[in-house]
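Given the sequences, and given the hints that come with them, work out the whole structure.
Chains P and L supply the protein sequences, listed in that same order. Counting with my numbering, you get residues 1 to 122 for the letters of the first sequence. Counting with my numbering, you get residues 1 to 317 for the letters of the second sequence.
FYI, nobody ran anything at the bench for these hints, they're computed from the structure. As the structure is a computational prediction, the values presented were derived from the model and not from experiment. Every residue gets a Cβ at the ideal spot worked out from N, C-alpha and C, and that includes glycine. Do not rely on the hints blindly, as some may be mistaken.
To be verified - Across the chosen pairs, the derived CB separations fall in these ranges:
1) P:D91 - L:P75: 35 to 45 angstroms
2) P:H29 - L:E282: 52 to 62 angstroms
3) L:V180 - P:R69: 23 to 33 angstroms
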Amino acid sequence: MADIKQWRGLRALLEDAVEQGASAVERVHVATAKRPFEILKRLPPIGKWVEGIEAVHDTILAGAYGSVRVVNRVVGKALDVALDAFDDARDGDHPDDAAGAASPDTAKTPVSAKTPDDEAGP
Amino acid sequence: MGKKLDDTLAVLNGLVGDYLARTDNSLATSMSLYRNDRPVGLSRQGLARAYPKASARVAVLAHGVACTESIWRFPDGSDYGSRLEHELGFTPIYLRYNSGLAIADNGRALAELLKQLVELYPQPIEELLPIGYSMGGLVVRSACHFATGQGQSWLEHVRRAIYVGTPHAGAPAERLGRVVTRVLGAIPDPYTRLIADVANLRSAGVKDLGDADLRDEDRAGQGKRLSLRDASHPVPLLPSIRHHLIAGSLSTDPHLAALFGDMLVPVTSATAVKMRREGNAEVAEPDVRVLPGLGHVDIAHDHDVYEQIKTWCEEQE
Numbered sequence: 001m002a003d004i005k006q007w008r009g010l011r012a013l014l015e016d017a018v019e020q021g022a023s024a025v026e027r028v029h030v031a032t033a034k035r036p037f038e039i040l041k042r043l044p045p046i047g048k049w050v051e052g053i054e055a056v057h058d059t060i061l062a063g064a065y066g067s068v069r070v071v072n073r074v075v076g077k078a079l080d081v082a083l084d085a086f087d088d089a090r091d092g093d094h095p096d097d098a099a100g101a102a103s104p105d106t107a108k109t110p111v112s113a114k115t116p117d118d119e120a121g122p
Numbered sequence: 001m002g003k004k005l006d007d008t009l010a011v012l013n014g015l016v017g018d019y020l021a022r023t024d025n026s027l028a029t030s031m032s033l034y035r036n037d038r039p040v041g042l043s044r045q046g047l048a049r050a051y052p053k054a055s056a057r058v059a060v061l062a063h064g065v066a067c068t069e070s071i072w073r074f075p076d077g078s079d080y081g082s083r084l085e086h087e088l089g090f091t092p093i094y095l096r097y098n099s100g101l102a103i104a105d106n107g108r109a110l111a112e113l114l115k116q117l118v119e120l121y122p123q124p125i126e127e128l129l130p131i132g133y134s135m136g137g138l139v140v141r142s143a144c145h146f147a148t149g150q151g152q153s154w155l156e157h158v159r160r161a162i163y164v165g166t167p168h169a170g171a172p173a174e175r176l177g178r179v180v181t182r183v184l185g186a187i188p189d190p191y192t193r194l195i196a197d198v199a200n201l202r203s204a205g206v207k208d209l210g211d212a213d214l215r216d217e218d219r220a221g222q223g224k225r226l227s228l229r230d231a232s233h234p235v236p237l238l239p240s241i242r243h244h245l246i247a248g249s250l251s252t253d254p255h256l257a258a259l260f261g262d263m264l265v266p267v268t269s270a271t272a273v274k275m276r277r278e279g280n281a282e283v284a285e286p287d288v289r290v291l292p293g294l295g296h297v298d299i300a301h302d303h304d305v306y307e308q309i310k311t312w313c314e315e316q317e
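Here it is, written out as structure tokens:
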């Protein structure tokens with residue numbers, strides 16, 4: 001089973017993936033939407049209107065992707081708090097482990113909770 | 001830790017390990033020695049506990065990209081290291097590392113680790129035998145390069161090195177990937193650029209496999225290279241030791257074997273043909289073995305491969 005450090009790592013990795021994935025998709029979205037706007041803006045009767053619509057479109061787009069990123073960060077922070085609470089509760093249940101002492105069931109203790117010199121031999 | 005979790009982390013590290021290390025993510029694997037799936041403390045006490053019957057002959061086994069030391073394991077649980085222990089008295093030491101880091105970074109770390117191992121090992125080491133599988137062989141070569149430059153004394157204990165399916169001249173699959181991502185990135189289309197960006201997320205370690213870049217200066221030119229052919233390798237095989245090369249080949253046809261080899265590493269690359277031709281590798285013919293019918297993964301745990309390793313290890317200097 002993964003230990004708490006690894007859960008934290010997984011949380012951070014997923015947060016990074018959502019953040020950067022949202023930004024990458026946003027870039028594609030903006031670039032794709034730009035094409036029809038560029039064509040429509042060249043038409044004299046509607047050019048000015050299209051500029052305004054494009055500005056509104058871009059603002060909504062930035063807001064939508066921005067909110068994905070904000071929610072992602074908030075969820076990340078919430079998970080951090082939950083993991084902290086879980087870690088504290090676990091330390092309360094096993095104060096010896098928290099102090100770094102070897103527990104009797106060393107074989108079942110997660111590897112990262114042991115000092116290197118406690119490692120089992122062959 | 002469970003084997004599945006270890007394997008998953010190894011794949012993750014192979015794919016984006018450099019990013020994990022750069023962002024201080026705790027999923028990043030740090031280089032350490034392992035025995036029975038557990039890390040061994042690099043201290044006198046830790047080594048003495050892990051190796052109570054420590055032999056003066058030590059085999060260090062370095063795994064390949066996106067895997068752990070479990071890649072060496074036969075179905076019966078033995079591996080090249082444990083067989084060398086039972087039959088020739090070697091103490092096997094398994095290396096685990098973040099295969100997504102640049103090969104040069106892992107090479108530097110391995111050189112430092114071996115330096116400490118020789119100092120802290122329970123008894124004086126007579127022979128240190130590095131055995132590298134796939135990328136592991138390049139990490140070993142990189143470590144030898146850095147150790148030579150810094151005059152590290154552990155090299156004096158190395159008489160030979162064994163490379164199993166190691167792409168000494170690089171891996172064409174990665175070079176092809178490099179060309180495809182460059183072409184996709186050059187097309188002025190947001191979708192193809194997105195695909196190129198995603199493909200470019202592959203780790204520094206994987207990118208280094210393209211031309212077997214062992215040093216920082218070799219990596220520097222990676223962005224400019226677009227050739228699909230084997231590059232001339234600037235780092236020679238260490239002339240002071242013997243090198244034994246093992247290649248797998250799925251085909252018995254020499255042309256197909258040269259092209260595809262074990263599916264990931266062509267025979268010409270695993271046997272360092274170009275390096276030998278250019279005088280960068282002094283390897284005698286008996287020290288090269290090509291085994292037909294072996295894929296890239298199978299070569300890490302094959303009876304014939306072990307017999308060959310054993311035969312070489314039994315030879316006197």
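- Take the C-beta atom of V180 of chain L and the C-beta atom of R69 of chain P, compute their distance, and say whether it sits inside 23 to 33 angstroms. 30 angstroms, holds
- P75 of chain L and D91 of chain P - C-beta distance against the hinted 35 to 45 angstroms: Once the Cβ atoms are compared, 41 angstroms apart, the range 35 to 45 angstroms for P75 of chain L and D91 of chain P holds.
- Message: I want to verify a distance hint. Is the separation of the beta carbons of H29 of chain P and E282 of chain L within 52 to 62 angstroms?
- Response: Since the Cβ atoms of H29 of chain P and E282 of chain L sit about 57 angstroms apart, the hinted range of 52 to 62 angstroms holds.
Comparing the model with each earlier hint shows no violations; every hint is respected.
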